Amino acid sequence: MTETVQRQFPTFEKFGQELPKVHTIEDNVDSVKIRWSDGNTRVFEKAMLSHFSSPTPESDLLNPVHELWDKDSFPKAEPADYKMLLSEHSREAERQKIFRSLLKHGFSYISGTPTEHAATIEACRALTVTQPNCFGDDWSFTADLAKPDTAYTNIGIGLHTDATYYNEPMGIQVFHVLNHQGEGGETMLGDGYKAIELLQKQSPESVEYLSNYQLMHEYIDHSTPGSHVRSIGTILTKNPITKEIFRLRFNNHDRCPIPVADMEEFYFHYTKLGKIIQSGEINFRRRLPPGTVLLVDNYRVMHGRTSFTGKRQVSGLYLTRDDWVSGARKHDLVDHFFL
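Numbering (the UniProt record's numbering), first residue to last: 1 to 339.
Calculated directly from the structure, the hints in this document are not laboratory data. Treat the hints with care, since some could be wrong.
Claimed, not checked - Simulated pairs of lysine to aspartate or glutamate, DMTMM-like, Cα-Cα distance not exceeding 20 angstroms: (1) K71 with E208; (2) K275 with D322; (3) K104 with D332; (4) K272 with E208; (5) K46 with E3; (6) K71 with E186; (7) K330 with E88; (8) K104 with D72; (9) K243 with E208.
Being a predicted model, the structure only gives us computed values, none of them experimental.
Can you make the complete structure from the sequences, with help from the hints?
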């Protein structure tokens, strides 16, 4: 049905029955007119037939162009503008700008944002769907250990991806430093795709192993009501059609214990990836200025933070993967197989 773009054909009733055969075909410039053996005649627009035909990896662009980077080639992403993102007249152009940067670099910015938690939320809701989780719908926090997580301290945090303990990790991590009166607190970013590329050159067998080994991660909050979230999945996840790695799940602090029988082989391959990530080669650092919202593709780009002094107030939330990719797809920025 064209109104809903959903199947209406009674598949299970018709399967196994003899269906009408094509009697005649009239090929026109923009359409095809088919007369069936039972006398029915239908006109199909060629654009519609092309859209709904089943593409193959060989006939379709597999992925948008990712520009991999390290600390020496960190890209200058064009920021979106807060006021223009909120305006109905310019919103789609700003959304497209953000989606392009996320696809190309793995991160994006929104500049000119008021240094208020509510403004962070407002900007993100203008972009896509927010993703509630065990930390709440959104948060504004400082180093007060309000949650049993290192983010709520002032110690340094190495590069990692967030929510590895969710079976479907959060799509985008949002950071907005509202104010910081003190030293340190630089935001660290590392391109996970670049780390995987380096690992592939150094140890392709490690890429294969980490794409298949099922590892558990978990998060435990003993407060009331608290939470105990656990996932099972691979550190590197491949697109089942294109076989390209599209998701990195990396947080050494949230790993569950592994069986003794697996330890030697697991740590052999896991350490190779960890050393690349910790080497500093892919680690870019900058101090985020208040008013700049940073959006990070949590499937690709790792983040971290240097230790700091003084009070540092950070606003943030998560955005869903499927919904921001949906926005990119609506703007024709990703292909049929992109996950």
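Consistency of the hints with the structure:
no.: 1; hint: K71 with E208; in the structure: 26 angstroms, violated
no.: 2; hint: K275 with D322; in the structure: 31 angstroms, violated
no.: 3; hint: K104 with D332; in the structure: 14 angstroms, holds
no.: 4; hint: K272 with E208; in the structure: 13 angstroms, holds
no.: 5; hint: K46 with E3; in the structure: 18 angstroms, holds
no.: 6; hint: K71 with E186; in the structure: 14 angstroms, holds
no.: 7; hint: K330 with E88; in the structure: 17 angstroms, holds
no.: 8; hint: K104 with D72; in the structure: 17 angstroms, holds
no.: 9; hint: K243 with E208; in the structure: 11 angstroms, holds
Against the hints set out earlier in the document, violations occur for numbers 1 and 2.
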